[in-house]
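S.K.: Top line first, the protein sequences correspond to chains H and B.
For the first sequence, this note's numbering assigns the number 1 to the initial residue and increments by one for each residue that follows.
For the second sequence, this note's numbering assigns the number 1001 to the initial residue and increments by one for each residue that follows.
Simulated from the structure, these hints should not be mistaken for laboratory data.
Not one of these hints is a red herring.
Straight-line C-alpha distance at most 20 Å; calculated EDC-like pairs for lysine to aspartate or glutamate:
1) H:3 <-> B:1104
2) H:52 <-> B:1104
3) B:1083 <-> B:1059
To give an idea of the chain B side of the interface with chain H (calculated C-beta under 7 Å), a few residues:
4) 1042
5) 1043
6) 1090
7) 1102
8) 1103
9) 1104
10) 1107
11) 1108
12) 1110
Only a predicted model underlies this, so the values are computations on that prediction, with no experimental measurement involved.
All C-beta atoms, glycine included, are put in the ideal place defined by N, C-alpha and C.
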Amino acid sequence: DAKTTQPTSMDCAEGRAANLPCNHSTISGNEYVYWYRQIHSQGPQYIIHGLKNNETNEMASLIITEDRKSSTLILPHATLRDTAVYYCIVSYNQGGKLIFGQGTELSVKP
Amino acid sequence: DGGITQSPKYLFRKEGQNVTLSCEQNLNHDAMYWYRQDPGQGLRLIYYSQIVNDFQKGDIAEGYSVSREKKESFPLTVTSAQKNPTAFYLCASMGTSGISSYNEQFFGPGTRLTVL
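Isolated chain H, as found in the complex (with noise of 0.2 Å):
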């Protein structure tokens, strides 16, 4: 599976967008970007992924780069709640296991 690289920290202003990057330059061509997020002590929580396309949904948008080396995943208006550590992934859709990195945690700030 591809190794994964994201900051270990960021800070966002809530209101605002917060961008998280990842850098995945290994990534195969039939490997997905899965982000996962994790609230202190709690369980993970899948948030989105994609292929090639950028993605949106109802909690973020997915973009990657189109030689899919990198990818960002945008919150567009950070809340307080959002404060959480996440984990770029990329993974095999089809029985492809998940490695968690130490992820980046981010810090929303009123």
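Using the hints, position chain B against chain H.
M.R.: Below, chain B alone, put in the same frame as chain H:
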């Protein structure tokens, strides 16, 4: 409500004792997983099971054992052979067919095990 339950939330044991952590799901998911999380770290895969009566070792299986006799249940035993058992343990499940045929794992609330 559909979901995954883990009990208890906090568990204390003396060194040298085996302890079994419970994980139950009513999501009708085929696959189930156990992860360990240490402070400030990401999750590490201990064991996983893709179908009843079958399971595979993850990255850190030494000192742990599992069983999968029922689809709904995937208990994890932390044995006395596990050198550093104090950690936060998370169970997850995933559907592997139909609409949900991607890697969306649903996690339980976790069990925090402290070995004294």
